[in-house]
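Enquirer: Residue strings, one per chain:
4 protein chains.
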Amino acid sequence: MADFFADIPQIRYEGPDSENELAYRFYDKNRVVLGKTMEEHLRFAACFWHTFCWPGSDVFGGGTFNRPWHRGPNDSAAAAEKREVAFDFFQKLDVPFYCFHDVDVMADAANVTEHRRYFAEAVDHLEKLQASSGRKLLWGTANLFSHPRFAAGGATNPDPEVYAFGAMQVRDALEATHRLGGQNYVLWGGREGYETLLNTDMKRELDNFGRFLSLVVEHKHKIGFTGTILIEPKPHEPTKHQYDFDTATVYGFLKRYGLENEVRVNIEANHATLSGHTFEHEIATAGALGIFGSIDANRGDPQNGWDTDQFPNSVEELTLAMVEILRAGGFTTGGFNFDAKVRRQSIDAIDLFHGHVGGIDVVAKGLLNAAALIEDGRLDAAKTERYAGWTGEFGGKIANLDLAGIADLAVEQNIDPQPRSGGQERLENLINRFL
Amino acid sequence: MADFFADIPQIRYEGPDSENELAYRFYDKNRVVLGKTMEEHLRFAACFWHTFCWPGSDVFGGGTFNRPWHRGPNDSAAAAEKREVAFDFFQKLDVPFYCFHDVDVMADAANVTEHRRYFAEAVDHLEKLQASSGRKLLWGTANLFSHPRFAAGGATNPDPEVYAFGAMQVRDALEATHRLGGQNYVLWGGREGYETLLNTDMKRELDNFGRFLSLVVEHKHKIGFTGTILIEPKPHEPTKHQYDFDTATVYGFLKRYGLENEVRVNIEANHATLSGHTFEHEIATAGALGIFGSIDANRGDPQNGWDTDQFPNSVEELTLAMVEILRAGGFTTGGFNFDAKVRRQSIDAIDLFHGHVGGIDVVAKGLLNAAALIEDGRLDAAKTERYAGWTGEFGGKIANLDLAGIADLAVEQNIDPQPRSGGQERLENLINRFL
Amino acid sequence: MADFFADIPQIRYEGPDSENELAYRFYDKNRVVLGKTMEEHLRFAACFWHTFCWPGSDVFGGGTFNRPWHRGPNDSAAAAEKREVAFDFFQKLDVPFYCFHDVDVMADAANVTEHRRYFAEAVDHLEKLQASSGRKLLWGTANLFSHPRFAAGGATNPDPEVYAFGAMQVRDALEATHRLGGQNYVLWGGREGYETLLNTDMKRELDNFGRFLSLVVEHKHKIGFTGTILIEPKPHEPTKHQYDFDTATVYGFLKRYGLENEVRVNIEANHATLSGHTFEHEIATAGALGIFGSIDANRGDPQNGWDTDQFPNSVEELTLAMVEILRAGGFTTGGFNFDAKVRRQSIDAIDLFHGHVGGIDVVAKGLLNAAALIEDGRLDAAKTERYAGWTGEFGGKIANLDLAGIADLAVEQNIDPQPRSGGQERLENLINRFL
Amino acid sequence: MADFFADIPQIRYEGPDSENELAYRFYDKNRVVLGKTMEEHLRFAACFWHTFCWPGSDVFGGGTFNRPWHRGPNDSAAAAEKREVAFDFFQKLDVPFYCFHDVDVMADAANVTEHRRYFAEAVDHLEKLQASSGRKLLWGTANLFSHPRFAAGGATNPDPEVYAFGAMQVRDALEATHRLGGQNYVLWGGREGYETLLNTDMKRELDNFGRFLSLVVEHKHKIGFTGTILIEPKPHEPTKHQYDFDTATVYGFLKRYGLENEVRVNIEANHATLSGHTFEHEIATAGALGIFGSIDANRGDPQNGWDTDQFPNSVEELTLAMVEILRAGGFTTGGFNFDAKVRRQSIDAIDLFHGHVGGIDVVAKGLLNAAALIEDGRLDAAKTERYAGWTGEFGGKIANLDLAGIADLAVEQNIDPQPRSGGQERLENLINRFL
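Chains A, B, C and D, in that order, are what the protein sequence lines are. According to the numbering used here, the first sequence is numbered sequentially starting from 1. According to the numbering used here, the second sequence is numbered sequentially starting from 1. According to the numbering used here, the third sequence is numbered sequentially starting from 1. According to the numbering used here, the fourth sequence is numbered sequentially starting from 1.
Derived by calculation from the structure, the hints in this document are not laboratory data. Remember, it's a predicted structure, so these values are computed and weren't measured experimentally.
One-sided and incomplete, this derived list gives chain B residues near chain D with beta-carbon spacing under 8 Å:
1) F60
2) F145
3) H147
4) A151
5) A152
6) W306
Glycine is no exception: its CB is placed at the ideal position from the N, C-alpha and C atoms.
Model the full structure from these sequences, guided by the hints.
Expert: Here it is, written out as structure tokens:
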């Protein structure tokens, strides 16, 4: 069954001049950049859901992809076939990591018992596939949003039984992630939000959500999981409003429940733009607040107001993002997971490779550009110069005065600060030199 | 000079059937609703800036309004004339409160010395006008965004001298607010944000901003000001990104600098919608997080992506907002300030009255509707029923279990929670019964 | 099987004070307003797709509704059951009309032959159901967007065979509409657009689309169908860009292919707002351009950038829309079709009634308000006065001069036109008197 | 006075490796690409308004730029100084063209007589400056939106006197453009739209606007002007809605008034994105409809909902735009005008050069990339192959059949068209090879 990609060759680095459409032109995993190999910097992962579970359906039409494992019910055999094809893909793509939701990798379950049996079956298989393929788990997660029981949320559901069902899934998924050597555990609260305030007790839901997250953190420590717990912000969709709106909102949420040193963010480019921010803004914010964790690589469509989850294809955008990632210290346990899907018309097996190969190369080129920018030093120098006053005499003085003291100083010195150019166009041109 | 509104009669409550376009049909200030008069509930204020300072200009064209006090330079005489006309307006409108920025009420100043002299002159006059008119100050603030020196921000400026200039203004404005019996002091960080990350040290700017706010809170206590310090969130405009993006972001910011019990939010309807939220969402969020303070009443245009600051004219929107305000406990020191401007084509003096009279009545009708909804009880009952499980046996059990305990309970009981209707359409219809 | 709604009583008009949640408070079908009954004015229809075909799924989760006819394959028996339940619904709701896509009402077909057989079977049944229920067909249409074969469009598909398949469906659906006495035939080009310009020949696609529409118009006349051909604009979703972006775009398209006197628009509220317009703007534009046809009633969410298709619940919005509909002359063959779906959590049969009953009453109240506004006359008077110059002496002169003549007149008279207030706030207050 | 830029050297092409921040790295005006020099292809222009008239103000703050010619009233001397500085700039930048609104280049006028006198004075001077500098006029236009008399529009004003005042300005500006050898005449209807439908007679305004444009076209022919009349679409801002929403809307407008062969569009990148389209979409649409004219080069901010008019800095965006421009046949009379402004903080004279030099190089690199893509041929080949069916046997057949004929053919052949991959990811990767 791993023959699904029989026609696709192993993807390798061939350099910028390669005319091979299925080769890396920039992602040279062993190339050392700023002291680490590109593989160590970027920690690429492919995902199960968009690439192996989604059938190519959208709100206005059915699945177009016609994958063999989708032809009948999603039973144990179909799930096993999907897992094998996926690992074949991870190997051919030569990404070191993969990611999954519990329901992505297992047979459809009708109840708690089946859920646990089928998931355990899947985890056993994944463990073997990891061993045989040399691939590792970047992160695992539990899907608390697709089944109808989660229509009103998981941890924020008005029904405590749904909360408990979710707790069962998260416990098992967290333990499986631990067993599989996963480096992180992610929570995306797809339906942790509301459709209408008219039927919503926001305070209770936030408190339930905060407690749920606290329990997860507590359990992580109990079982000795040393990976990072990550929350993935998104402003809305499917819900009208999602509680984890953006990085700044998640930060406040973590502070409220005393979790800011335990949990970090998994930032997705398309979620960033849906929330009214640039991708690099979200990374810079996480860096400034000390909660930068991992990346879900994709892009949105600035003209379309929903999560299009397209493959990243802008070196310009990824260069700016990589600058902020490097400034935030780079990844520790995190990495670049492709939470991206080929377009619904891209129905061929090879399209999955075009999407990922292109995306990987765009990110890799972004890293090379960002490293060159940082090594060049002019960008940093401009910033240092702009804030120089704060390390000067006047800046030093006001650091030790209260409001009245500073105000009095302004009066005494009769200060008349003059605006200085921010030099934005010059810096934008400078960036363009490195693309 | 107070003759500017000579043709406009005193505005009074005349009841729903009045055909007088310049009368209140719903705002009956002495009417008791849910135990308080409407005046006590709503605490209306009019503002200086849009109503008496703005000349009717926009980015594509000059001022259209042709006010007498705008015909020459904004010197002490012009500023005094403006203050008198404004208080005549506040009285004719019969709103109990007004609001101002320092530069709104004073002559143009070229330097620190002039700033302090002209502002002091203005405050003396305001004190007299308050006494003679019986109007009170809802809040004061300092403008740290209009003068070119603030092009790169006030408290977040790369230049510490600008920070100090801002500190001088804020100290004086806070003390003036205290002296004038102001009930709150507001900070809107119009340029506390960035134009491009390329020249921005976000962490430093956030820390400078946090320290500034801490100094303001400290000074408030030092001078014995018992009013509330308020931050007004806005996502962007004029900056590309503003640090006080929305209520949830401000909450995280306050938590970061230990100010969550000292500072509350002043929520503006149009800022809410610009940040991707409904007006009522922002109020509900502030209520849930315990930082609800005051309201800047206006509305945006859902098709136009900038701050249109139109007068509120949707009873539907204000009813939902008033429900959340009442649920958040109503105002303590806050109130409804009209941060709204008549359209640039509405050039007549009477248009200022049409805008405010209509806006006041829309808010007042919203209060009456919200009170009726709450007294009716069906909306609350639906919510209570929806979350009933959390006060039941199962809910009680899981409140005392850890993640594994809850998961084990789910397994033991082999729970199979069934989705229940959220009844959204029914509740939306219910609201419509009260409009 | 029509027992699905056994617990739901017949919906009737009971007046504004009725406490019955399943009664009309404003829709009194026999009440005469501006010379016609409300039934004649509003011509309400319910639709098959959202109400009887959609299972409650979204992009992030499966169906929640659990309707009996969805439990097995969509074969002839299931389709028949659905049709019967639907007509029971139409009767209980007492709407005079209904609407359908071909695939909504028939069994799933694997090929051309099956499509024609199952569709014919459905049409026979619909004809009987219409007769027994007294319900009529507002419009029919063919679905050229859900099946994978239409992934790249129907009439704009790169593959002429898909175009031909679509032509087969449209021919049959148009003839069925004619046979069933349908008053209109609609084309919504859900995938008539593009995902990326990189693989799109826009000119060819537009020309193919224009020819397709011309053929439909020609066939309509050939078979003697006297109903109206309607195009439904939408800016995007599912496609990145849809050719029928908005009413103004459709007008240009019709002019390009000489169809502006043959085809009109079916305006949907949510499509209007997605395209950056208000609902009433789209109606006013269609009225000004002479192509107003029919309405798909629903609403979007101003904070969510996709088609939420919620039930209309704003009397304010519907009043403004009804003013424009009445100004455009009201409906001839068109009507108000509820292209609206209950929320995914609204899983009970009764929720379908709450949605429709509330929506019908909101539209009905909008009509009553709009009629009162028009009878009042002040709104029209303000407009007449604003443009009075054009019927005066100066306006008359320039109507007969060329550019140089008008310019010379301006010079000779040394004109100095003064701005006059647009009175927007006053007019907005006036509207609020009628809500 | 032309000494304002004394410190700035002449800008020259120095090649990709130049480290000179004020040199062109890609814009080599004499380099031949696809048979024409880059200068002939791109026809760059700089503009008066953003670069020499705007003082650095925004809605929330005053001017920051402190230009010498802004220090006193805008009288004849100040205007002359501005014109000289501007031409010095055009020469140093070495762009062949410039653009202006009447009021940009003249002293402030209080009435018709002054307007004509000061404008004539300016045109005389411009004629001399053109001769001495060798710069040419890409287009002229009249400003019918900044003066308060135009608050309710120019050609769509409710007051016919305002219409006449506008006609006077346009007549003079068109004749001046003719005299100055301008290659186009542009109309941007900044306030040709509405603030509220409540006071708007849309049909009358559209008809007045259509007649105005017809008169302009008639006058153009009368005076022998052989340049192109251009309309610049924008969806809104300053108005709530602008009639020239986008290219497709303008096309319909031109068709309505029979002007589609007389008038073309001047497409601005930021206006495109504000209207919900990509820049390249608007160009492709104009190309498909045969009305492509000229370009206003800039960019918007995808997160900010107003016209930011930033300098273009994305080679990726400009490459896609240039592909569409070349496919539309390239410019005839049009060109690339920089309708872009440096940021309000970019207060130094040199920032004007950084903005333009960077923008010119980004456009130039876009041209080089687009030419390489076209010469490569793979992109075109993929498109040709995708639509091959239309030139095949089946496509040929249906070109000659009516709807029933095509439908019958589908039935007879029992066609079963299979979806084919659109190859989007592959093509996106292909583009990235050329950046």
